[in-house]
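Using the hints provided, position chain B relative to the given structure of chain A.
Residues per chain are reported as follows:
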Amino acid sequence: MQRIGVFVCHCGTNIAATVDVKAVAEALKYEPGVVVSTEYQYMCSEAGQELIKNAIKENALTGVVVCSCSPRMHEATFRKTVAAAGLNPYMLEIANIREQVSWIHKNIEEATEKAIILGRAAIAKVHLNAPLTAGESPVVKRALVIGGGIAGIQTALDIAEAGFEVDIVEKNPTIGGKMTQLDKTFPTLDCAACILTPKMVDCAQNDKIKIYSYSEVSEVKGFVGNFDVTIKRKARYVDENKCTGCGLCTEKCPQKKVPNEFNLGLDNRRAIYIPFAQAVPKIATIDADYCTMLKSGKCGVCSKVCTAGAIDYKQEDSFVNEKYGAIVVATGFNPIKLDKYDEFAYSQSADVITSLELERLMNAAGPNGGTLLRPSDKKHPHRIAFIQCVGSRCDDGKGKSYCSKICCMYTAKHAMLIREKYPDTEVYVFYIDVRTPGKNFDEFYRRAVEEYGVNYIKGMVGKVLPEPDGTLTVRASDLLNGTQLNLSCDLVVLAAAIEPDKSARPLATMLTASMDTNDFFTEAHPKLRPVESPTAGIFLSGACQGPKDIPETVSQASACAAKVIGLLAKNTLKGNPCVAHSDELLCNGCSSCEKVCPYGAISYSDKEFRINGKMVTRRVASVNPAVCQGCGACTVACPSGAMDLNGFSNSQIMAEVDAICKW
Amino acid sequence: MDLKEQVLIMSGVDVRKCMACGKCSGACPSYNEMEYHPHQFVSMVKKGNIEPLMKSESVYKCLTCYACIERCPRGVEPAKLIEAIRLLAVRPQGSNHIKADDIPSLLDPELPQQAIVTAFRKYSK
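So the protein lines, in turn, are chains A and B.
First residue of the first sequence: 2, per my numbering; consecutive thereafter.
First residue of the second sequence: 12, per my numbering; consecutive thereafter.
Same shape as in the complex, but just chain A (with noise of 0.2 Å):
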């Protein structure tokens, strides 16, 4: 028989607002094996910990309930409690009379009850609990970054200062993402390039960096400290080591109707391209939908002009494998497609753009040399519309439910960089809100407004007209005028919402790590642990996340970068105990365990077993349990119940439900 203490916390008000519970631990105190039940304030405080502790020495304890708040929020805390009074961590369950009781009642008298008949249940649990120890894994001193935009960038930068090798797989020609196709940054207006460059360069020339470019992880296995991942190296048709980057087959290409996509689709690149001047790693790709040689085999200029030998027609892809003991996830993010905002004119007229579109305008290495110049007749605009929230605050199916928290600011960054370099023209924004929270931004708004006399409307765009003469009319309420608008205008630009690169989604999928309904990654703790999944090994950096400014994603990509060095600092890893074993003799073989593994820990083998005197072969099933995670889909699956998990063993869950239904 256990010796069990129950201890009921009132997280302040918390919980005992909406349970009595002093009620609570006075009916607990009754239950079979209960030797001591009380309360107090704060059980996760020092003095609360200390309460516990001293309970389990004077009463000779050997299991322990808490009832508070969810087991994710403290049930780690209370875990080192016990362990420090000398008991198995395992000997601990929590009654979470926060979450499921008290926050989602309102009437005391129900709620009391429920908190009761949880607490009962735990102590049935308890009463089957076992000591479980939990096994080490060896730690891998190598970490792989999914991304190499400005956030990837980062996070790789920092693991590889702290002396860890670190590999960046990127899926385009080049690393450094959408923040090189930016004009200018705010709110100090430092030209983007200027900044992102020589990150670049420092990750191709840091030798703990490793860049995959023109690659993507198509398999990942294992867990944290261990993972296995597969890259596929897409075919470049180029040979990485032979380039050197001279340009000269992009030259030379007889191909140059390829959109180029680095100016989003505003000029053209040849079939062969390196994709800006400054590319990291500067190694030409064929585009093989373009390619005349890859498609009908006649061609065959830019190996022909290559001094180095590096064009390789025949090359496919490859696939490299790796091991590593953490995996940071840096996806980035997407401008939505505008399809759906049919009356933004953005398909109809050339003149309609996006604001990534109006950077690469303004580019210096862009489009038109870094003129504005109207898309389709390449005349300079005189008057344009900014339209804000493009796609972003839509609860209307079309678009994002959230803010796209950059537009305000590059907004207010473009109008104010077109007055200063073209003041005859007039620029107009139009805003639902204008959102400026962070260290000199409403600063940098005002400035657009007041010294280069941007006009801000409230009042949202509800058509935008393309008319005969080339110019747009924009329709719109001024809000605080109370008129209507029709203002011509030359060029309209496009705030459009953001939305996680596409490829999150079936990276989550391989990762285990969980997404919101956005596809934006969760994290650990929306507070507290904001650059972890909580997948462990999986971390999250930049907008993959969440949308965010370059400062906030450098922040967070340094913060990832140190929660990686944290882990991969250390030599081995304590493992989860409570892990599937298969009971060998239940076990009859038929392998419904091993199809629903999600993480591949179960396999088969031909056993001996002495059954009657006789020696029998029987194909059993057996757990890794370094790589099971402790999700229980084998249990539920096991016709014969020979699968159960170790602290939420079958018998323990009946208990808990048998002790809930007796009342």
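These are computed hints drawn from the structure, not numbers from a lab.
Glycine is no exception: its CB is placed at the ideal position from the N, C-alpha and C atoms.
You may find that some hints are simply not true.
Heads up, simulated BS3-like pairs for lysine-lysine below, C-alpha to C-alpha not over 27 Å straight-line [what the hints assert, rightly or not]:
hint	chain 1	residue 1	chain 2	residue 2
1	A	Lys-459	B	Lys-72
2	A	Lys-401	B	Lys-72
3	B	Lys-72	B	Lys-57
4	B	Lys-91	A	Lys-399
5	A	Lys-209	A	Lys-459
6	A	Lys-571	A	Lys-81
A few chain A positions that, by computed beta-carbon distances, are all more than 10 Å from chain B [what the hints assert, rightly or not]:
hint	residue
7	Thr-134
8	Lys-185
9	Lys-253
10	Gly-298
11	Ser-478
12	Gln-485
13	Cys-591
14	Lys-596
Looking from chain A toward chain B, a few residues come up when the C-beta cut is under 7 Å (computed) [said to hold, decoys possible]:
hint	residue
15	Gly-460
16	Val-462
17	Ala-627
Leaving out everything else, chain B in the frame of chain A:
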């Protein structure tokens, strides 16, 4: 039941979803004809200020083109509010303005089906 509640039930609109962006009024082709504009209908209903809306010509100037409903980023449906307020103004004046039995004599082969449906919606209970 007060007027606001009646309007909300008749229209099925949740005015609290409005974030005051003004896109409805930015899209409205009848804007200059109207004393109260689509976004004002939403904010005035929210405040329970229904009577001035019922008395205003604005309820008859709405073309029911549904541009505001189509464009609203929050799914508020201002035109349905206007419709409900108009019904509130029209109904107490007694009787249906169109009856099902009258339809055959009014039928014109050129008349689109939709016009009949719209007329029913506008002029009968």
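Closest CB of chain B to the CB of Lys-185 (chain A) still more than 10 Å away = Since the minimum Cβ distance to chain B is about 28 Å, Lys-185 (chain A) lies beyond 10 Å and the statement holds.
Keeping to a limit of 27 Å between CA atoms, is the pair of Lys-209 (chain A) and Lys-459 (chain A) held or broken?
-> violated, 51 Å
Restraint outcome when Ala-627 (chain A) is required to lie within 7 Å of chain B by C-beta distance | Where the cut-off is 7 Å and the nearest Cβ of chain B is about 50 Å from Ala-627 (chain A), the hint is violated.
Beyond 10 Å from every chain B Cβ - status for Lys-253 (chain A) = holds, 49 Å
Beyond 10 Å from every chain B Cβ - status for Cys-591 (chain A) = Correct as stated: the minimum Cβ-Cβ distance to chain B is 50 Å, above 10 Å.
Does the structure keep Lys-72 (chain B) and Lys-57 (chain B) at a Cα separation of 27 Å or less?
-> holds, 21 Å
Starting from Lys-401 (chain A), check that the Cα of Lys-72 (chain B) is at most 27 Å away, please.
-> violated, 33 Å
Supplied contact hint for Val-462 (chain A), tested at 7 Å Cβ to chain B = holds, 5 Å
Beyond 10 Å from every chain B Cβ - status for Gln-485 (chain A) = violated, 4 Å
Against chain B, does Gly-298 (chain A) hold up as non-interface, every C-beta pair farther apart than 10 Å?
-> For Gly-298 (chain A), whose nearest Cβ neighbour in chain B is about 51 Å away, the distance exceeds 10 Å, so it holds.
Non-interface claim for Lys-596 (chain A), where every Cβ of chain B lies beyond 10 Å | holds, 43 Å
Lys-571 (chain A) paired with Lys-81 (chain A) [C-alpha distance capped at 27 Å] = Holds - the C-alpha atoms of Lys-81 (chain A) and Lys-571 (chain A) are around 19 Å apart, at most 27 Å.
Of the numbered hints stated above, those contradicted by the structure are hints 2, 5, 11, 12 and 17, listed in ascending order.
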